[in-house]
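Asker: Protein chains in written order, with this note's numbering: chain A, 5 to 503; chain B, 1412 to 1507; chain C, 3 to 130; chain D, 4 to 242.
Everything labelled a hint here was simulated from the structure, so no lab data went into it. Check before you lean on any hint, since a few could be wrong.
[As the list claims (entries may be wrong)] Computed cross-link-like contacts, DSS-like style, restricted to lysine-lysine with a CA-CA straight-line distance of at most 27 angstroms: (1) C:Lys62 / A:Lys211; (2) D:Lys5 / B:Lys1437; (3) C:Lys35 / B:Lys1437; (4) A:Lys361 / A:Lys437; (5) D:Lys6 / C:Lys35; (6) B:Lys1437 / D:Lys6; (7) D:Lys6 / C:Lys34; (8) D:Lys5 / C:Lys35.
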Amino acid sequence: MVISPVHYIALPLLAAFLIPLFAKINKELVRIIPGLVLAYLSAVSIVLMQKVVNTGQPVIETLAGWQAPWGINLVFSAFTGFLATLMTFMALLIWIYSYRFKKIDSEPAMKYYILFMMLVTGSTGIVLTGDIFNMFVFMEITAIAAYSLTAFYRDRDGAEAGFKYLLIGSFASAFVLLAILLLYTQVGTLNMAQIAERMHTVPTGMKITILVLFVTGLGIEAEMFPLNGWAPDAYSQSPGPVGATFAALVVKAGVYSLIRVIFTLFDIHGAFDFLVIMGIITLVISEFAAMKQTNLKRMLAYSSIGQMGFVLIAFGIGTKEAVFGALFLMFNHAVIKGLLFMSGSYLVYNTPSKDIKDMAGIGRKFPFMTFFFALGAFAIVGLPPFAGFWSKLYILLAAADEAMLGLVAIILMVSIVEIVYYFRVVAKLYWGKPTDNEVYHKPTFGGYISMTILAGVILLVGFYPDVITGFIDRAADTLLDKGEYISNVLPKVQELVNM
Amino acid sequence: MVFNAIFLSLLAIILIAAAIYAVVQKDLLYAVIATGVISLVLSIYFFIMQAPDVALTEAAIGIALTTIIFVITIRNTSRREDEIPVTKEPDRGDKN
Amino acid sequence: MDPVLYNKIVSIGIYGSAIGLILIGLYAVLVKKHLTKIVIGLSIIDSGIHLLFIAVGFIKGGTAPIFSPKGIELVNQGTAMVDPVPQALVLTAIVIGFGVTAVALSLVIRLYRHQHTAKIDHIKSLKW
Amino acid sequence: MKKAIVILLLAVVGWVLVDTFFQVNFGESRLGELEQQKTVGAFYLNNTVEKLTVANVVTAIVVNYRGFDTLGEVTVLFLAAAGLGSILYRRKEEGEHDVMVLNNSSQLLQTGARLIFPAILVLGVYVFIHGHLTPGGGFQGGAIIATGFLLMFMAYKDYHVSHNVLTWVESLAGVLFVTVGIWGLISGGSFLENVLGTGVLNDLVSGGVVPIIYIAVGFKVAAELTGVLETLLNFKTKK
Chain A
5 MVISPVHYIA LPLLAAFLIP LFAKINKELV RIIPGLVLAY LSAVSIVLMQ KVVNTGQPVI
65 ETLAGWQAPW GINLVFSAFT GFLATLMTFM ALLIWIYSYR FKKIDSEPAM KYYILFMMLV
125 TGSTGIVLTG DIFNMFVFME ITAIAAYSLT AFYRDRDGAE AGFKYLLIGS FASAFVLLAI
185 LLLYTQVGTL NMAQIAERMH TVPTGMKITI LVLFVTGLGI EAEMFPLNGW APDAYSQSPG
245 PVGATFAALV VKAGVYSLIR VIFTLFDIHG AFDFLVIMGI ITLVISEFAA MKQTNLKRML
305 AYSSIGQMGF VLIAFGIGTK EAVFGALFLM FNHAVIKGLL FMSGSYLVYN TPSKDIKDMA
365 GIGRKFPFMT FFFALGAFAI VGLPPFAGFW SKLYILLAAA DEAMLGLVAI ILMVSIVEIV
425 YYFRVVAKLY WGKPTDNEVY HKPTFGGYIS MTILAGVILL VGFYPDVITG FIDRAADTLL
485 DKGEYISNVL PKVQELVNM
Chain B
1412 MVFNAIFLSL LAIILIAAAI YAVVQKDLLY AVIATGVISL VLSIYFFIMQ APDVALTEAA
1472 IGIALTTIIF VITIRNTSRR EDEIPVTKEP DRGDKN
Chain C
3 MDPVLYNKIV SIGIYGSAIG LILIGLYAVL VKKHLTKIVI GLSIIDSGIH LLFIAVGFIK
63 GGTAPIFSPK GIELVNQGTA MVDPVPQALV LTAIVIGFGV TAVALSLVIR LYRHQHTAKI
123 DHIKSLKW
Chain D
4 MKKAIVILLL AVVGWVLVDT FFQVNFGESR LGELEQQKTV GAFYLNNTVE KLTVANVVTA
64 IVVNYRGFDT LGEVTVLFLA AAGLGSILYR RKEEGEHDVM VLNNSSQLLQ TGARLIFPAI
124 LVLGVYVFIH GHLTPGGGFQ GGAIIATGFL LMFMAYKDYH VSHNVLTWVE SLAGVLFVTV
184 GIWGLISGGS FLENVLGTGV LNDLVSGGVV PIIYIAVGFK VAAELTGVLE TLLNFKTKK
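Please model the complete structure; the sequences and the hints are all you need to start from.
Answerer: So this is what it looks like as structure tokens:
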């Protein structure tokens, strides 16, 4: 069985179909299977990344025995491979964290683990597939799993957040479906490489309409400003580990699909002013909204939307350093925000009123959680010794090179806002006068493991970033080099069809 | 030829009328039945446009199953759209 | 009844009604308050998009893309076959639409269980 | 006021859609010359008969050429059923048992249901077994079977489909689908490749793996939709 990208999707599906049967044998098995699957997939991603790095060629897998434009193919290039590996490792850590998560054991745990695994498979599927309608199907798998997981807890807010997410998500899939339909009438194929190749034959009027439909639809998934009303509720009402999965995986897949459409299909990447403007608006509005939040998880949700706006700005600048900085920020955001959500959800878990005001003085009684939260806060803000510093630095340098000084000013100003509201929480945790509530929800052993690993990664990348920069550099090249993507995916087809 | 044109435009008019009725109607049960009519006309359209597979799917899923899960939802929630929230109802609030 | 006029009427009829469905669905979702009515709006939008899919794939005078004995005979006589790809995509889109509608309606039932009103503004407590 | 803005917005969206869609003129063939096979549709129309000997080209696309979509598609239904179960999950207080309808329906419906139910099942099974020959297939057949069960749910108060059987059928059909895919991968080809020999066109055993996959999809969709209906239909009454 040669290791190939299809394992990312075939194996979790097989496990998901088998979980209801295993649940009949014994309940414990249901909790272990996702871990085994994700551990195996992490090994697969290491092997495949190794192969991609050595040969320099993406691993392309055709499905059902049909060549690229006729069958569906999976593309595991440096760029998509980097994202898929990042997602699989983060999913493995989140699974370890959620292994014995108190509030999940009381509910029907079997359904939680099926939905969680499908959330991970959907996100990796979006990143790996090379076919536009297949990306839509994987978007739907991620979406349905996300709706059900947002409404997982039995309270009313969960159901309402789920319904709001579903409403806006259905708009997104309607727009994307219309865009795919129009694209098919113009280019006659569904394979992304062939679409990119034939895009020049499409009349500009039609091309603009398709682009607007795609950007609106995928902007909802990538949480651009006017379209992300669902995100704060979905993050804060869903269970702890699910919030971390949204921040680390689902948003990345949304941003990936938006960038793939804009950079590869439409090839308008230069200084894509629209992306920069939308990114700035998203960044500024969500950072200021985060400042006036009292609920810790909603604050983290707004900060996560802000970071995504920052990523969009970097992609909008479009130069090599900017894309490098954007990918580095996506990596940092996944790791740091994952840690923040994990530690944050335990802090919220122990304060009945979920308000930041009542979390005063937990620092002494709950040293580890507050330490991890503080470390995450320092990192996300971009203080020097931590990982976040490098990504912000690269993007600022890229913006400076492009002489976008206004942009640099905005980013620095927003960083100050970030520092304010993160340190306000950290200060309250450590120096607030301790209230009487004793600590009753200790995190599980798995929780400690995954949080220490994440903290280790932040410190490691902080001190010598070139552990990661090699991969990110290759990923940035593959993303920007459209011609190479097409020639890899459709090599042998040229002779068959005498274009 | 003329008959086809009349028949098709008649179908289009029924489709739009059913859609408007489904949106405007206050009693949700009739609105859901109008949704079933939309799926029915859609299925006829698919058959005329030489897509038998999709006509069968639209008939089986669109008309039968979508309509029935809407009716089940109405059974579990309120039937009229402009209905004042009922407070004394037990937790389930079933009035079938 | 010359064919050009006939084609015009048919295309206005089908494209017009499909886009009309999408607009009516959008209107219902944006304006109506009752949750079930909003989900009805969503399923109307879906129906409109599915009709567009098939309308785009249709070829005038074509036959269904099935090579049954009669189909093969028709092809030999030179009648073109309708484009099968949009039909395959619609098959998937209809079943996805059903899945999303089922999850939406279960959320509506859950919301009604909690506070006996299926109105969106009574429920709108989670502010921006 | 709000309605005015919405109507204005709809006018803009409508105008854009009408403008773009009337550039795509209706009924005109965009497949390009069939021999030259520039578009995907033309390739499928030309090659399905020789390479796959499947009569229904749409089924060939859904199951073989784009079989990965259908795998994702079946997962979507599987997730909808699982999501529904987790959203509507309610612990059973003591003294409660599941009931579909409050009281038995009329004699007419009961006898009618008993008569028609087997016929609907046979029709559903027929549709998904002949998926590759006549219009129809896994999704359509499964939905028809689900409507059959729906009829029985409505007719009889405590007609129950055992949840155990549903879960078994659903899981085994899904596992069969993925193992057929992995079998293609193992036997040297690629995932979901058509490894079996393709028989003669238009007879039942033709098209290699395609009918097997579509029958598995048929069973899975039937079990899932019946599960969805049962989750939605039953509620707990104190009896």
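Asker: Each of the hints needs a verdict: does it hold here or not?
Answerer: Status of each hint after checking the structure:
1. C:Lys62 / A:Lys211: Measuring from Cα to Cα gives roughly 26 angstroms; hence the hint holds.
2. D:Lys5 / B:Lys1437: The given pair, whose Cα atoms are some 20 angstroms apart, holds under the 27 angstroms limit.
3. C:Lys35 / B:Lys1437: 11 angstroms, holds
4. A:Lys361 / A:Lys437: 11 angstroms, holds
5. D:Lys6 / C:Lys35: 12 angstroms, holds
6. B:Lys1437 / D:Lys6: Holds, because 17 angstroms separates the two Cα atoms, which is no more than 27 angstroms.
7. D:Lys6 / C:Lys34: 10 angstroms, holds
8. D:Lys5 / C:Lys35: 12 angstroms, holds
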